[in-house]
Amino acid sequence: MTIRNLKSLFNPQSVAVIGASKKPNSVGATVMRSLLQGGFDGAIIPVTPNYKAVAGVLTFPDVAGLPEPPDLAIICTPPPTVPGLITELGNLGTRAVIVMTAGMERLYDDQGRTLQQAMLDAAKPHLLRILGPNCLGLMVPRLGLNASFAHINPLPGQIAFITQSGAMGTAVLDWATTNGLGFSNFVSLGNSADVDFGDVIDFLGTDPSTRSILLYIESITGARKFMSAARAAARKKPIIAIKAGRVTEGAQAVMSHTGALAGADDMVEAALERAGILRVETIEELFDAVETLARARPVMGERVAIVTSGGGPGVIATDRLIRSGGHLATLSDDTLAQLNSFLLPNWSRRNPVDILEDAPADHYVRALQTLLAAPDIDAI
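Start counting the sequence shown at 355; every next residue gets the next number (this note's numbering).
If you're looking for bench data, these hints aren't it; they were derived computationally from the structure.
Wrong hints could be hidden among the right ones.
[To be verified] Pairs of lysine to aspartate or glutamate, EDC-like flavour, derived with a Cα cap of 16 Å:
| hint | residue 1 | residue 2 |
| --- | --- | --- |
| 1 | K590 | D561 |
| 2 | K361 | D561 |
| 3 | K478 | D548 |
| 4 | K406 | D416 |
| 5 | K478 | E442 |
| 6 | K361 | D556 |
| 7 | K579 | D548 |
| 8 | K590 | E656 |
| 9 | K579 | D556 |
| 10 | K590 | D556 |
This one's a predicted model, so the numbers in the text were calculated from it and none came from an experiment.
Work out the full structure, taking the sequences as your base and the hints as a guide.
Right under this line is the structure:
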(Lines of atoms letter the chains of each structure in order from A; the text may use other names.)
(Lines give C-alpha, C1' and ligand atoms only; values in the text may rest on other atoms or scores of the structure.)
Protein backbone atom coordinates (compact mmCIF):
# COMPACT_ATOMS: atom_id res chain seq x y z
CA MET A 355 0.00 0.00 0.00
CA THR A 356 1.30 3.47 -0.82
CA ILE A 357 -0.03 7.00 -0.78
CA ARG A 358 3.13 8.30 -2.46
CA ASN A 359 2.41 11.34 -4.63
CA LEU A 360 -1.35 11.21 -3.95
CA LYS A 361 -1.15 14.71 -2.46
CA SER A 362 -0.51 15.98 -5.98
CA LEU A 363 -3.74 14.27 -7.03
CA PHE A 364 -5.96 15.53 -4.21
CA ASN A 365 -4.39 18.94 -3.54
CA PRO A 366 -2.77 20.27 -6.72
CA GLN A 367 -1.67 23.86 -7.19
CA SER A 368 -1.78 23.60 -10.99
CA VAL A 369 -3.71 21.42 -13.44
CA ALA A 370 -2.93 20.79 -17.11
CA VAL A 371 -5.62 19.50 -19.48
CA ILE A 372 -3.95 17.47 -22.23
CA GLY A 373 -6.32 17.44 -25.18
CA ALA A 374 -8.27 20.56 -24.22
CA SER A 375 -10.87 21.29 -26.86
CA LYS A 376 -13.53 23.68 -28.09
CA LYS A 377 -15.70 20.92 -29.55
CA PRO A 378 -19.08 20.93 -27.77
CA ASN A 379 -19.61 17.92 -25.48
CA SER A 380 -16.08 16.59 -26.04
CA VAL A 381 -14.22 15.37 -22.96
CA GLY A 382 -11.52 18.02 -23.41
CA ALA A 383 -14.08 20.83 -23.57
CA THR A 384 -16.15 19.49 -20.66
CA VAL A 385 -13.12 19.09 -18.39
CA MET A 386 -12.01 22.67 -19.08
CA ARG A 387 -15.50 23.95 -18.33
CA SER A 388 -15.67 21.91 -15.10
CA LEU A 389 -12.34 23.26 -13.87
CA LEU A 390 -13.21 26.86 -14.65
CA GLN A 391 -16.74 26.74 -13.25
CA GLY A 392 -15.63 24.89 -10.12
CA GLY A 393 -13.70 27.92 -8.89
CA PHE A 394 -10.26 26.30 -8.66
CA ASP A 395 -7.73 28.88 -7.45
CA GLY A 396 -4.67 27.27 -9.02
CA ALA A 397 -3.35 27.52 -12.56
CA ILE A 398 -5.42 25.83 -15.29
CA ILE A 399 -3.27 25.02 -18.31
CA PRO A 400 -4.87 23.79 -21.57
CA VAL A 401 -2.51 21.81 -23.80
CA THR A 402 -3.45 21.37 -27.47
CA PRO A 403 -1.90 22.20 -30.85
CA ASN A 404 -5.34 22.88 -32.34
CA TYR A 405 -6.27 26.20 -30.71
CA LYS A 406 -4.50 29.31 -29.44
CA ALA A 407 -6.97 29.52 -26.56
CA VAL A 408 -9.67 27.32 -25.03
CA ALA A 409 -12.45 28.77 -22.88
CA GLY A 410 -10.56 32.06 -22.84
CA VAL A 411 -7.32 30.51 -21.54
CA LEU A 412 -4.16 30.60 -23.67
CA THR A 413 -2.94 27.14 -24.65
CA PHE A 414 0.42 25.41 -24.97
CA PRO A 415 0.90 23.26 -28.08
CA ASP A 416 2.45 20.27 -26.29
CA VAL A 417 3.77 18.98 -22.97
CA ALA A 418 7.37 19.75 -23.92
CA GLY A 419 6.46 23.43 -24.23
CA LEU A 420 5.17 23.78 -20.67
CA PRO A 421 7.31 26.20 -18.63
CA GLU A 422 7.06 24.06 -15.47
CA PRO A 423 5.54 20.72 -14.46
CA PRO A 424 1.86 20.84 -13.50
CA ASP A 425 1.08 19.14 -10.19
CA LEU A 426 -1.77 17.28 -11.88
CA ALA A 427 -2.39 16.48 -15.54
CA ILE A 428 -5.66 15.28 -17.05
CA ILE A 429 -5.33 13.28 -20.27
CA CYS A 430 -8.29 13.42 -22.68
CA THR A 431 -6.56 12.17 -25.84
CA PRO A 432 -6.89 8.90 -27.85
CA PRO A 433 -5.46 5.66 -26.39
CA PRO A 434 -2.31 5.39 -28.56
CA THR A 435 -1.10 8.80 -27.34
CA VAL A 436 -1.30 8.06 -23.62
CA PRO A 437 1.92 6.09 -22.90
CA GLY A 438 4.04 8.71 -24.66
CA LEU A 439 2.32 11.53 -22.79
CA ILE A 440 2.97 9.76 -19.49
CA THR A 441 6.68 9.58 -20.36
CA GLU A 442 6.77 13.29 -21.26
CA LEU A 443 4.94 14.31 -18.09
CA GLY A 444 7.16 12.10 -15.95
CA ASN A 445 10.30 13.58 -17.48
CA LEU A 446 8.92 17.06 -16.84
CA GLY A 447 8.31 16.31 -13.15
CA THR A 448 4.55 15.77 -12.94
CA ARG A 449 3.69 13.09 -10.39
CA ALA A 450 -0.10 12.64 -10.71
CA VAL A 451 -2.24 12.08 -13.80
CA ILE A 452 -5.94 11.41 -14.40
CA VAL A 453 -6.47 9.36 -17.56
CA MET A 454 -10.03 9.64 -18.83
CA THR A 455 -9.32 7.79 -22.05
CA ALA A 456 -11.23 4.50 -22.41
CA GLY A 457 -10.44 1.22 -24.18
CA MET A 458 -6.73 1.04 -23.32
CA GLU A 459 -6.96 -2.47 -21.88
CA ARG A 460 -8.18 -3.79 -25.26
CA LEU A 461 -5.59 -2.16 -27.54
CA TYR A 462 -1.93 -3.16 -28.01
CA ASP A 463 1.34 -1.43 -28.85
CA ASP A 464 4.04 -2.69 -31.21
CA GLN A 465 5.64 -4.65 -28.34
CA GLY A 466 2.49 -6.67 -27.74
CA ARG A 467 1.60 -4.90 -24.51
CA THR A 468 -1.84 -3.53 -23.85
CA LEU A 469 -1.76 0.24 -23.98
CA GLN A 470 -2.80 0.20 -20.34
CA GLN A 471 0.30 -1.81 -19.43
CA ALA A 472 2.47 0.43 -21.62
CA MET A 473 1.07 3.41 -19.72
CA LEU A 474 1.97 1.81 -16.37
CA ASP A 475 5.46 0.93 -17.61
CA ALA A 476 5.98 4.55 -18.66
CA ALA A 477 4.86 5.82 -15.24
CA LYS A 478 6.96 3.46 -13.11
CA PRO A 479 10.42 5.08 -13.44
CA HIS A 480 8.97 8.42 -12.31
CA LEU A 481 6.80 7.09 -9.44
CA LEU A 482 3.97 8.84 -11.26
CA ARG A 483 0.47 7.97 -9.99
CA ILE A 484 -2.41 7.37 -12.37
CA LEU A 485 -6.14 7.60 -11.65
CA GLY A 486 -8.05 5.63 -14.29
CA PRO A 487 -8.01 5.06 -17.16
CA ASN A 488 -11.66 5.09 -18.24
CA CYS A 489 -12.74 7.21 -15.28
CA LEU A 490 -15.05 10.16 -14.67
CA GLY A 491 -12.35 12.04 -12.77
CA LEU A 492 -11.85 13.60 -9.35
CA MET A 493 -13.54 16.36 -7.33
CA VAL A 494 -12.46 18.13 -4.15
CA PRO A 495 -15.27 20.66 -3.59
CA ARG A 496 -13.64 22.58 -0.72
CA LEU A 497 -10.79 23.45 -3.13
CA GLY A 498 -13.12 24.23 -6.02
CA LEU A 499 -11.41 21.37 -7.88
CA ASN A 500 -13.66 19.67 -10.42
CA ALA A 501 -11.21 17.61 -12.46
CA SER A 502 -13.94 15.60 -14.15
CA PHE A 503 -16.35 15.59 -17.05
CA ALA A 504 -19.38 15.38 -14.75
CA HIS A 505 -22.02 18.00 -15.40
CA ILE A 506 -22.39 19.10 -11.78
CA ASN A 507 -20.29 20.82 -9.11
CA PRO A 508 -21.00 19.10 -5.77
CA LEU A 509 -21.31 20.99 -2.53
CA PRO A 510 -18.51 20.84 0.06
CA GLY A 511 -19.07 18.31 2.83
CA GLN A 512 -17.38 15.69 4.98
CA ILE A 513 -18.25 12.49 3.07
CA ALA A 514 -15.78 10.95 0.61
CA PHE A 515 -17.34 8.92 -2.21
CA ILE A 516 -15.20 6.41 -4.12
CA THR A 517 -16.85 4.69 -7.08
CA GLN A 518 -15.97 2.27 -9.86
CA SER A 519 -18.97 3.37 -11.91
CA GLY A 520 -19.12 6.80 -13.47
CA ALA A 521 -22.88 6.48 -14.03
CA MET A 522 -23.47 5.56 -10.39
CA GLY A 523 -21.23 8.41 -9.30
CA THR A 524 -23.20 10.91 -11.38
CA ALA A 525 -26.50 9.60 -9.97
CA VAL A 526 -25.28 10.03 -6.38
CA LEU A 527 -23.92 13.51 -7.13
CA ASP A 528 -27.25 14.58 -8.67
CA TRP A 529 -29.25 13.25 -5.73
CA ALA A 530 -26.92 14.71 -3.09
CA THR A 531 -26.84 18.16 -4.66
CA THR A 532 -30.63 18.22 -5.00
CA ASN A 533 -30.89 17.41 -1.30
CA GLY A 534 -28.26 19.92 -0.19
CA LEU A 535 -25.64 17.31 0.77
CA GLY A 536 -21.94 17.69 0.05
CA PHE A 537 -18.70 15.74 -0.27
CA SER A 538 -15.11 16.15 0.87
CA ASN A 539 -13.86 14.15 -2.11
CA PHE A 540 -15.37 12.37 -5.11
CA VAL A 541 -13.14 9.78 -6.77
CA SER A 542 -13.99 7.78 -9.90
CA LEU A 543 -11.50 4.90 -10.12
CA GLY A 544 -12.31 3.63 -13.61
CA ASN A 545 -10.10 0.63 -14.40
CA SER A 546 -7.95 1.13 -11.25
CA ALA A 547 -4.82 0.37 -13.25
CA ASP A 548 -2.72 2.08 -10.57
CA VAL A 549 -4.64 4.03 -7.91
CA ASP A 550 -7.26 1.71 -6.42
CA PHE A 551 -9.63 1.45 -3.46
CA GLY A 552 -6.82 0.59 -1.04
CA ASP A 553 -4.73 3.62 -1.98
CA VAL A 554 -7.61 6.10 -1.78
CA ILE A 555 -9.02 4.69 1.48
CA ASP A 556 -5.52 4.81 2.99
CA PHE A 557 -5.11 8.45 1.95
CA LEU A 558 -8.57 9.59 3.04
CA GLY A 559 -8.35 7.68 6.31
CA THR A 560 -6.03 10.42 7.59
CA ASP A 561 -7.69 13.31 5.73
CA PRO A 562 -9.07 15.74 8.37
CA SER A 563 -11.71 17.00 5.92
CA THR A 564 -13.22 13.52 5.55
CA ARG A 565 -15.46 12.26 8.35
CA SER A 566 -16.87 9.18 6.59
CA ILE A 567 -16.28 7.15 3.43
CA LEU A 568 -18.79 5.74 0.96
CA LEU A 569 -17.88 3.05 -1.61
CA TYR A 570 -19.53 1.73 -4.76
CA ILE A 571 -17.71 -1.55 -5.49
CA GLU A 572 -17.94 -3.76 -8.55
CA SER A 573 -14.72 -5.70 -8.02
CA ILE A 574 -11.80 -5.55 -5.62
CA THR A 575 -8.20 -5.76 -6.80
CA GLY A 576 -5.33 -5.85 -4.35
CA ALA A 577 -7.42 -7.52 -1.65
CA ARG A 578 -4.72 -7.40 1.04
CA LYS A 579 -4.10 -3.71 0.45
CA PHE A 580 -7.84 -3.04 0.50
CA MET A 581 -8.35 -4.94 3.77
CA SER A 582 -5.41 -3.26 5.49
CA ALA A 583 -6.47 0.24 4.46
CA ALA A 584 -10.15 -0.33 5.28
CA ARG A 585 -9.41 -1.78 8.72
CA ALA A 586 -7.21 1.17 9.64
CA ALA A 587 -9.67 3.77 8.35
CA ALA A 588 -12.77 2.09 9.82
CA ARG A 589 -11.32 2.44 13.32
CA LYS A 590 -11.63 6.21 12.95
CA LYS A 591 -14.36 6.79 10.36
CA PRO A 592 -17.50 4.90 9.29
CA ILE A 593 -17.18 3.19 5.91
CA ILE A 594 -20.33 2.15 4.03
CA ALA A 595 -20.29 0.14 0.80
CA ILE A 596 -22.69 -1.09 -1.83
CA LYS A 597 -21.26 -4.08 -3.70
CA ALA A 598 -22.69 -4.90 -7.11
CA GLY A 599 -22.67 -8.38 -8.64
CA ARG A 600 -24.25 -10.22 -5.71
CA VAL A 601 -25.77 -13.00 -7.85
CA THR A 602 -24.00 -14.97 -10.58
CA GLU A 603 -25.55 -13.02 -13.45
CA GLY A 604 -24.67 -9.73 -11.78
CA ALA A 605 -21.09 -10.83 -11.21
CA GLN A 606 -20.82 -11.75 -14.90
CA ALA A 607 -22.10 -8.29 -15.83
CA VAL A 608 -19.45 -6.74 -13.57
CA MET A 609 -16.72 -8.84 -15.21
CA SER A 610 -17.90 -7.65 -18.62
CA HIS A 611 -18.04 -4.03 -17.47
CA THR A 612 -14.73 -3.79 -15.59
CA GLY A 613 -12.64 -6.63 -16.98
CA ALA A 614 -12.07 -7.93 -13.42
CA LEU A 615 -13.55 -10.79 -11.47
CA ALA A 616 -15.99 -9.73 -8.80
CA GLY A 617 -15.37 -12.68 -6.46
CA ALA A 618 -17.85 -14.98 -4.71
CA ASP A 619 -20.32 -12.85 -2.83
CA ASP A 620 -20.08 -14.76 0.44
CA MET A 621 -16.33 -14.14 0.44
CA VAL A 622 -16.83 -10.45 -0.28
CA GLU A 623 -19.45 -10.23 2.47
CA ALA A 624 -17.06 -11.79 4.99
CA ALA A 625 -14.20 -9.53 3.88
CA LEU A 626 -16.27 -6.36 4.20
CA GLU A 627 -17.49 -7.36 7.65
CA ARG A 628 -13.97 -8.25 8.77
CA ALA A 629 -12.70 -4.88 7.56
CA GLY A 630 -15.36 -3.05 9.57
CA ILE A 631 -17.34 -1.92 6.52
CA LEU A 632 -21.14 -1.72 6.67
CA ARG A 633 -22.73 -3.10 3.51
CA VAL A 634 -25.99 -1.72 2.13
CA GLU A 635 -28.08 -3.56 -0.45
CA THR A 636 -29.92 -0.98 -2.55
CA ILE A 637 -29.46 2.44 -4.09
CA GLU A 638 -32.15 3.75 -1.75
CA GLU A 639 -30.14 2.52 1.24
CA LEU A 640 -27.05 4.14 -0.26
CA PHE A 641 -28.87 7.47 -0.50
CA ASP A 642 -30.12 7.04 3.07
CA ALA A 643 -26.53 6.38 4.16
CA VAL A 644 -25.33 9.58 2.47
CA GLU A 645 -27.99 11.63 4.24
CA THR A 646 -27.35 9.98 7.61
CA LEU A 647 -23.59 10.48 7.39
CA ALA A 648 -24.01 14.09 6.27
CA ARG A 649 -26.52 15.17 8.88
CA ALA A 650 -25.89 13.00 11.94
CA ARG A 651 -23.40 13.95 14.61
CA PRO A 652 -20.84 11.25 15.43
CA VAL A 653 -21.77 9.04 18.39
CA MET A 654 -19.20 9.41 21.16
CA GLY A 655 -19.85 6.05 22.82
CA GLU A 656 -21.61 2.68 22.58
CA ARG A 657 -24.23 2.97 25.35
CA VAL A 658 -27.62 3.02 23.61
CA ALA A 659 -31.09 3.53 25.08
CA ILE A 660 -34.19 2.26 23.29
CA VAL A 661 -37.58 3.93 23.72
CA THR A 662 -40.64 1.93 22.69
CA SER A 663 -44.38 1.73 23.31
CA GLY A 664 -44.47 -2.08 23.13
CA GLY A 665 -42.42 -5.06 24.24
CA GLY A 666 -42.14 -6.66 20.79
CA PRO A 667 -40.56 -3.70 19.01
CA GLY A 668 -38.20 -3.28 21.96
CA VAL A 669 -37.02 -6.89 21.65
CA ILE A 670 -36.51 -6.56 17.89
CA ALA A 671 -34.57 -3.31 18.32
CA THR A 672 -32.40 -4.89 21.03
CA ASP A 673 -31.61 -7.90 18.83
CA ARG A 674 -30.60 -5.64 15.94
CA LEU A 675 -28.50 -3.42 18.21
CA ILE A 676 -26.56 -6.29 19.79
CA ARG A 677 -26.03 -8.11 16.46
CA SER A 678 -24.65 -4.86 15.01
CA GLY A 679 -22.09 -4.56 17.81
CA GLY A 680 -23.93 -2.05 20.01
CA HIS A 681 -24.53 -2.15 23.75
CA LEU A 682 -27.63 -1.48 25.82
CA ALA A 683 -27.05 1.30 28.31
CA THR A 684 -27.71 0.55 31.99
CA LEU A 685 -30.04 3.17 33.43
CA SER A 686 -28.67 4.86 36.56
CA ASP A 687 -30.73 5.17 39.74
CA ASP A 688 -31.11 8.88 39.07
CA THR A 689 -32.40 8.29 35.53
CA LEU A 690 -34.82 5.61 36.77
CA ALA A 691 -36.12 7.96 39.45
CA GLN A 692 -36.77 10.72 36.92
CA LEU A 693 -38.61 8.33 34.59
CA ASN A 694 -40.63 6.93 37.52
CA SER A 695 -41.82 10.43 38.34
CA PHE A 696 -44.02 10.73 35.24
CA LEU A 697 -44.33 7.37 33.43
CA LEU A 698 -47.21 4.98 34.09
CA PRO A 699 -46.62 2.67 37.08
CA ASN A 700 -46.11 -0.51 35.04
CA TRP A 701 -43.52 0.82 32.57
CA SER A 702 -40.55 -1.52 32.01
CA ARG A 703 -38.24 0.14 34.58
CA ARG A 704 -35.21 -0.80 32.52
CA ASN A 705 -33.72 -0.38 29.06
CA PRO A 706 -35.47 -0.78 26.60
CA VAL A 707 -37.68 1.92 28.05
CA ASP A 708 -41.20 0.63 27.34
CA ILE A 709 -43.48 3.55 28.13
CA LEU A 710 -46.54 1.39 27.26
CA GLU A 711 -48.98 1.47 24.40
CA ASP A 712 -51.48 3.85 26.01
CA ALA A 713 -48.90 6.43 27.10
CA PRO A 714 -49.83 10.04 26.28
CA ALA A 715 -47.73 11.97 23.79
CA ASP A 716 -45.96 14.07 26.41
CA HIS A 717 -44.49 10.88 27.92
CA TYR A 718 -42.50 10.36 24.71
CA VAL A 719 -41.20 13.92 24.88
CA ARG A 720 -40.28 13.80 28.57
CA ALA A 721 -38.70 10.33 28.27
CA LEU A 722 -36.49 11.53 25.41
CA GLN A 723 -35.55 14.69 27.30
CA THR A 724 -34.62 12.64 30.37
CA LEU A 725 -32.52 10.15 28.42
CA LEU A 726 -30.81 12.86 26.36
CA ALA A 727 -29.69 14.54 29.57
CA ALA A 728 -28.45 11.31 31.18
CA PRO A 729 -24.62 11.17 31.39
CA ASP A 730 -24.63 7.35 31.14
CA ILE A 731 -26.32 7.26 27.70
CA ASP A 732 -24.50 7.98 24.43
CA ALA A 733 -27.32 7.50 21.91
CA ILE A 734 -31.05 6.83 21.73
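These are the hints, each one checked on the structure:
1. K590 <-> D561: With a Cα-Cα distance of about 11 Å, the restraint between K590 and D561 holds, given a limit of 16 Å.
2. K361 <-> D561: 11 Å, holds
3. K478 <-> D548: Judged against 16 Å, a Cα distance of about 10 Å means the pair holds.
4. K406 <-> D416: Distance ~12 Å between K406 and D416 Cα, so the pair holds.
5. K478 <-> E442: This hinted pair holds, its Cα atoms lying about 13 Å apart.
6. K361 <-> D556: 12 Å, holds
7. K579 <-> D548: 13 Å, holds
8. K590 <-> E656: Holds, because 14 Å separates the two Cα atoms, which is no more than 16 Å.
9. K579 <-> D556: 9 Å, holds
10. K590 <-> D556: Roughly 12 Å between the alpha carbons, so the hint for K590 and D556 holds.
This entry satisfies every hint, going by the numbered hints stated previously.
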